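2 protein chains.
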Amino acid sequence: MNASASDPLVLFMPSGKRGRFAKGTPVLDAARQLGVYVESVCGGRATCGRCQIEVQTGRFAKHNITSLDTNISPKGPKEERFERVRTLPEGRRLSCSATIEGDLVVDVPQDAIVNAQTVRKDADDRLIERNPAVHMCFVEVEPPDMEKPLGDLDRLRVALADQWGMHGVQIDPWLLPIAQQVLRDGAWQVTAAVHHDCERALPRLIALYPGLKNEAYGIACDIGSTTVALHLSSLLSGRTIASAGASNPQIRFGEDLMSRVSYVMMNPEGRAAMTDAVRAAISKLIDEVCEKGEIERRDILDSVFVGNPVMHHLFLGIDPTPLGGAPFALAVSGALTLPARDLGLDLNPGARTYILPCIAGHVGADAAAATLCEGPHRQEEMMLLVDVGTNAEIVLGNARRTLAASSPTGPAFEGAEISCGQRAAPGAIERVRIDRQTLEPRFRVIGSELWSDEPGFAEAVARTGVTGVCGSGIIEVIAEMYLSGIITEDGVIDGALAERSPRIVAENRTFSYVLKDQGPRLTINQTDVRAIQLAKAALYAGIKLLMDKHQIDTVDRIGLAGAFGSFIDPQYAMVLGLIPDCDLDAVKAVGNAAGTGARMALLNRGHRREIEDTVTRIEKIETAVEAKFQEHFVNAMALPNKVDAFPRLAATLTLPPRQADQSDASGASTAPRRRGGRRNRR
Amino acid sequence: MNASASDPLVLFMPSGKRGRFAKGTPVLDAARQLGVYVESVCGGRATCGRCQIEVQTGRFAKHNITSLDTNISPKGPKEERFERVRTLPEGRRLSCSATIEGDLVVDVPQDAIVNAQTVRKDADDRLIERNPAVHMCFVEVEPPDMEKPLGDLDRLRVALADQWGMHGVQIDPWLLPIAQQVLRDGAWQVTAAVHHDCERALPRLIALYPGLKNEAYGIACDIGSTTVALHLSSLLSGRTIASAGASNPQIRFGEDLMSRVSYVMMNPEGRAAMTDAVRAAISKLIDEVCEKGEIERRDILDSVFVGNPVMHHLFLGIDPTPLGGAPFALAVSGALTLPARDLGLDLNPGARTYILPCIAGHVGADAAAATLCEGPHRQEEMMLLVDVGTNAEIVLGNARRTLAASSPTGPAFEGAEISCGQRAAPGAIERVRIDRQTLEPRFRVIGSELWSDEPGFAEAVARTGVTGVCGSGIIEVIAEMYLSGIITEDGVIDGALAERSPRIVAENRTFSYVLKDQGPRLTINQTDVRAIQLAKAALYAGIKLLMDKHQIDTVDRIGLAGAFGSFIDPQYAMVLGLIPDCDLDAVKAVGNAAGTGARMALLNRGHRREIEDTVTRIEKIETAVEAKFQEHFVNAMALPNKVDAFPRLAATLTLPPRQADQSDASGASTAPRRRGGRRNRR
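First to last, the protein sequences are chains A and B. Each residue of the first sequence is one higher than the one before, counting from 1 in UniProt numbering. Each residue of the second sequence is one higher than the one before, counting from 1 in UniProt numbering.
Take these hints with a grain of salt, some might be off.
All copies of an identical chain are treated as equivalent in the list; a pair is satisfied when it fits inside any one copy or across any two copies.
[Claimed, not checked] Pairs of lysine-lysine, DSSO-like flavour, derived with a Cα cap of 30 Å: (1) K148 with K549; (2) K620 with K148; (3) K62 with K17; (4) K588 with K620; (5) K78 with K516; (6) K213 with K292; (7) K213 with K516; (8) K628 with K148; (9) K23 with K78; (10) K549 with K628; (11) K23 with K628; (12) K148 with K17; (13) K620 with K284; (14) K23 with K588; (15) K516 with K628; (16) K62 with K23.
No wet-lab data here; the hints were simulated from the structure. Quantities reported herein were computed from a predicted structural model and do not represent experimental measurements.
Just chain A, same shape as in the assembly (with noise of 0.2 Å):
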C-alpha cells in the first residue's frame, strides 16, 4: 500500500476494514487491497455497474473520521455515460471510476440491483457477503498476430493473468471448440467465467461469452428426504431469484431413510433408480426456477448441495447400504468440487458443483449446512442446533469447541407411529390446549387460523376436515396433557380421571385420551405416549451427552432448524422435554438453516473454507458407544425430566409438582429401542 499517514482513511462498512490510500487512489482499488469484496466484471471499465458503493457522510465520531461528499472525485466522464444509458440510483457512486480525495465511510452495498430483472426479497431476509467461486472477467484480448503465433486461448489466459491477476488458467475442454468463435463474435473483447474455488488448485475457465457478460447464476439445493428446495441466485447481486420445493420422488421406493437403503439392498437398481430419480426431481426444480427468474439453464454456472448422508449418496450415485450399519460408513466425507455434468445436471456445461462435507455417518452435509448457517462455531455463546427428523442431528458449541452428534428419534415427531398422526398437511391438527379443570380440548388445524371453540370453525375446515394429528399437535397435547394431570411425570395416562371426564376412556388395560369425538375420533392412547417420550427421551439424551462433554448444565441458545422445528412451540418442546432448559426468548425456529447454509456457499467461497475447517474440527460423539447415553435415555422418560430442573420453563407457566423419585409406574420399555441397529433416519 505505501500509504503515509497524511493519506486519506478509508473506512469500507459493513466490514469495517480500514486503511489510508494516496489520494487519487479509486474507490475499488482500495476495497480490493483490504480484502473487502466488490464485485467488477468489466475490470474497471464503468460499464457493468457492479461495483457500487455509496458514501456516507458525516462524523464518525468511534472511528474518528469526518467522511464528507467532497472526498470522493466528482463523477466522470465514464461514470455520467454509464449514468445516463444505464441509470446509477440516487447516492450510488462506480467505485471503480470514483477516486478517494479525502477521509471517507464507505458503505458497500450487499443488494446492488443493477439489471432491470425483478428479484424477489429472499426468504429469509439474510444478507450474504459475496465472493463467489465464479468470477465474471471481463477482457480484451489482443487479436492474432501472424508474428506472434500464440493462439487465441492463450491469448486469453495471457489477458486474464495481465488484467485480473489470474495466473495458470486452466481451459475447460468443452470450450475448446468454441472459443474461436465466441473470441470473434466478440471482437477480441469478451466475458470469462472463471471458478477459482479453493486456492492451493488453479482457476479454471468454465464459460466464454462474447463482449460484456453481466449476470451469472448459481442455485442451492437441499435435498431432504421428504421434500427438495432449491434456490436460483445471481452470483453478482447475491440475490435469491426464484426459489422451489417439490417432494422427493425417492418416496416411492421408501418412506424414511432405512426404508430406502433397504429398498437398495434388496434391488440390485434400485440405487440407479433412487439416484436418477432426485436427479430428474432437481431437473424440474431447475426448469421451474429458470422459468420464474426467466433466464436461462446455461447462465447457471455454480451449484452447491447439501443432503443428509445418504440422501448425499444417493445423489452423488454412491451406494448408501453402509449406512445402515455400523460403523456407518460414508464412502465419502470431505468437501467435493466437480464438473456439474458428472453429476447429469445439465446447467452450463462448464457449470461447476460444490458439495458441503459431511460430519459424520449420520450427521450430513445438511447439518454442515444449518451449522454454517447458524454459526455456533462464530460465537461466543453455547448454541444448540437441533433438527428433528427421523434421526435428530444435534450440534452443540461456540468458537472454542462444537460437538455433533445423532440420536435415534425415529419418526414419532413426525406423525408416524402415533395412532391418530399424519405428516404435517392441510386438515391435521397443529395447535392443541386443554382445559386444565374440565379437561375439554380446543385444537386449530393447518389451513384455517380459527380455534375449534370458536365460531366458523366447522365451515372453515368443511374441506379438508379434521384428518389427524401432526408433529407439532402431537408434542402440544401431550405436553397439554402433562400440565393439565392427564398423564403423569411418568407418562401414564392417568384412569381416575375418567370420573372427572368423559374424555379419558379405559382401552384394554391403559386409558387414552379422546382429542376428537367424532368423524374420525382421535384418540391419544397410552402406546402414543410411550412413542413420544422414547422419541424425546433418545433427542435429550443425545443432548445431554453433548453437554456433558462440554461440561455445562445449560445452554445459551437453541435453534431448531427444519420443517418439524418451524411449526413446534419451544415451550411445549421444553414442556415435554425434548429440548433443555433455556430462555424462551433464546429458543428460535432457524427455518430452512440447510438451504441457507447452501446458499451461502453458492455466494462466498469463504464460507466453504469456513465451513470445511469447522467440520474438520467438530468433534463427532458417536451416541450408540457411549456409556451414560442409557442413563441419559432414562431420565429423560420422565417429563421434561427425572433428574433435570427445567427452572427457566418453571418461571414462564406452572408446572405440575415433581413427584418423589420412583421406579417407573408402567415397568415397560425405557430402554432406547434399537432394533437392528441404528434407526431410520430423516
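Fit chain B to the known structure of chain A by using the hints.
Using the frame of chain A, we list chain B on its own:
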C-alpha cells in the same frame, strides 16, 4: 538429509546424482532424496518388484568411490520371499529393501522386466528415462471406525498423504460410486492410480484397484495427415508393448491439409465428420494394440497426442479454417491436459490426455514432439531438424537459441505435381543411377532389392510392375540428371544431349529424360524439374532465413524426420540443395521423431515441462513476411544453389563445374508460388 561427511557415498547411474546417506538407509529412499526416479508401486513392501537396482562393484577412480558387494545389506526375508515367488534376475536387488552399508555405485536399469509379459523391442531402441504423470500407489487404508467418521475416500487421501507424501489429492468423480466397493474388495489394501502431471496442479486420483495392481499403460499417438501411428507403452517399465498404424481416414475428405480445411469451409458438418473419422481410426488402433499386448482398454491410464496444427485442431474438435489463411491463428497453442473421455476416448474412465504444444500456426505439436525427441535445445551443436511434407517444418538451433519456421514446399516431394510421380508404394522407383557417359539409367523399385540391370529384376517386379517414381526416386533422378550433365545448374534439360542419347527427347519447346521407355513409359520433363526446383527452393530459403537469424553459414547436424526423411539419400538431397552443406555423416534420418517425442512425453512428465518451456522460448519466424525470403528463394532455384558453396558435399563426389553467374535461363516461375495464401501442408 542431515548426512555427515563420514556417511557412505552413493552414486546413482546413469543420472550421475550422488549424495551421502546414513548406514541403513534403504537405497530407494536415497534415490528419492536425490530426485533419482525409481519406480515403486507397493511403497516399499517388497511385493511389486518395480524398484530393482544393480550394484556396480569396483574402484571408480573418476568418482573416487570403491563400490563393494558388501556395501549393500544382504537380502532380508521380504526380498528373499519376492525372489522365491517372483524371481529376481541375477545381480538385481529391490532398492526398497536393500540398505546402504558403505560406498556404492548403483545402476538404475531402465529396462526392468518384472512381469512375465512378452515385450517387443522398441521401434527406435530409445530408452526413455521414466517419470510418468500417473503413479501407481499401493496403500493400506484404515478401515472405517465409528468414532472417526472420515469417509472411505477421505481415509484413502490420508493414506496417500502419509504413505506416499501426496497431499491434496483430488478425486475423479467417476470413482465416487465405485471406491467404496473397491476398498472392501481389497480389504482396505488398494492401488491408487494418481495423476500428477504439473506440480502447480493438485494430484488427482483417477483409478483405484483392489490389492496390488502392478501394471499401468499409456498410449502415444502421432496423428499425421496421411497416417496415424500409435504406441502402447507400459508406464511402469517404459517398454513399448505394441505399435500400430493406419491411414488417416480424413483422406476421403481431402488428400492434403488445405483441401481438408476447404472441406470444412464448404460443409457445415465437415469439421465434426473429420473429428469423428480420426477419433474412430484412433479407437481401432487402440483395439489393435490392446489385442497385441493382451491388455484391457481400462488399463490405459494416460495418453499423449501430437499432430500438425490442422490435425491437432480436428482431433480436439476445433474448426481449423482460421489456419487456412493469414494470420494462421491457432485456437489454442499451449499444451493441454484433459480427461481422455472428453475427447471421446474409451480408455480407463479416469484416463488423462496430454497434448503437446503447437509451435506456431503451421508448426505443430508434431514438430514440438520431434524437437523434444532430437533435442536441438539440449545440445551445443547447431542442429537443423526438417520434416518434409506438403509443408516443411524447420527447426534450427542449439541450447542457446532455437528458431522454427515452415516453408510451403508443396506436394512435389511426395510425388504429386510430377508427371510420373506416385506415393511411396510397391512398384514405385525409389533409387536411380545414371551413367555419366551413356546417360543410361538403372533403378530400384520398392519391393525388390535388385537394380533394374541385375538378373532377375523383371521377375522380381513382375507382380507389382514399375508404376511410377516416388519422392526419394524423384530426388535421385533429378540429382543424377544434374550430376551427369543432363540438366544445368539452372535446371534446364539440355536439348543438345538428344544427339548423344535417345533418352533425351523433345517435348514441345522443352526436353524430357526417358527414365523407362515401356509399360508404362516414365519420363522426367522440364515441368517436373521446375516443380522440384520450386519445392526445394522454398525449403532451402526457409532454412536459410533461420541460418541468417543465427548468423551462421553452416550447420553441425541435420535430422531428416518423417517418412520422406527416412528414404531420401542425404547426399542426393544435398546435391539438389534441399539442405545446406554439411558432413554427410552428420545427416541422419531420425524416423518418426514426432512419435518418439510423444512417447517421451508419455513416459516422463519432465519432458512435458521441457517441451512446454522450449516452445515458449523457440523464436517463430514467419517466412511469408521476411524480406529476404524472396532473394534466398531465387538463389535456391539453382542446383545446388546460385550463391552458396557446398564444400563438404564436393569432397564426397564430383559436382559439375559452376556456371558463371547468369540470369535464369527459363525465365519462368522463379517466384515462390503462393496460391491464395499459405500452401497446403503435410
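Cross-check of the supplied hints:
1. For the identical chains of this complex, K148 and K549 are inter-copy neighbours only, at 17 Å across copies versus 66 Å inside a copy, given an alpha-carbon limit of 30 Å.
2. In this homomeric assembly, K620 and K148 come within 30 Å of each other (Cα to Cα) only across copies, at 7 Å, whereas the closest approach inside a single copy is 58 Å.
3. For a Cα distance limit of 30 Å, the shortest separation of K62 from K17 inside one copy, 14 Å, qualifies, whereas the shortest one across copies, 65 Å, does not.
4. For the homomeric pair K588 and K620, the shortest alpha-carbon distance inside one copy (24 Å) is at most 30 Å, but the shortest distance between copies (69 Å) is not.
5. With identical chains, the CA atoms of K78 and K516 are never at most 30 Å apart, being 72 Å at best within one copy and 79 Å at best between copies.
6. Only within a single protomer do K213 and K292 lie at most 30 Å apart by alpha-carbon distance; the minimum there is 21 Å, versus 52 Å between protomers.
7. In this homomeric assembly, K213 and K516 never come within 30 Å of each other (Cα to Cα): the closest approach is 61 Å inside a single copy and 69 Å across copies.
8. For the homomeric pair K628 and K148, the shortest alpha-carbon distance between copies (19 Å) is at most 30 Å, but the shortest distance inside one copy (74 Å) is not.
9. Only within a single protomer do K23 and K78 lie at most 30 Å apart by alpha-carbon distance; the minimum there is 19 Å, versus 72 Å between protomers.
10. Only within a single protomer do K549 and K628 lie at most 30 Å apart by alpha-carbon distance; the minimum there is 11 Å, versus 85 Å between protomers.
11. In this homomeric assembly, K23 and K628 never come within 30 Å of each other (Cα to Cα): the closest approach is 65 Å inside a single copy and 53 Å across copies.
12. Proximity of K148 and K17 under a CA criterion of 30 Å is satisfied in neither setting, with 43 Å inside one chain copy and 39 Å between copies.
13. When the C-alpha separation of K620 and K284 is checked against a cutoff of 30 Å, the pair qualifies neither within a copy, at 36 Å, nor between copies, at 53 Å.
14. With identical chains, the CA atoms of K23 and K588 are never at most 30 Å apart, being 48 Å at best within one copy and 66 Å at best between copies.
15. Within a single copy, K516 and K628 get their C-alpha atoms no closer than 40 Å, and across copies no closer than 104 Å, so neither meets the 30 Å cut-off.
16. For the identical chains of this complex, K62 and K23 are intra-copy neighbours only, at 23 Å inside a copy versus 67 Å across copies, given an alpha-carbon limit of 30 Å.
This entry does not satisfy hints 5, 7, 11, 12, 13, 14 and 15, going by the numbered hints stated previously.
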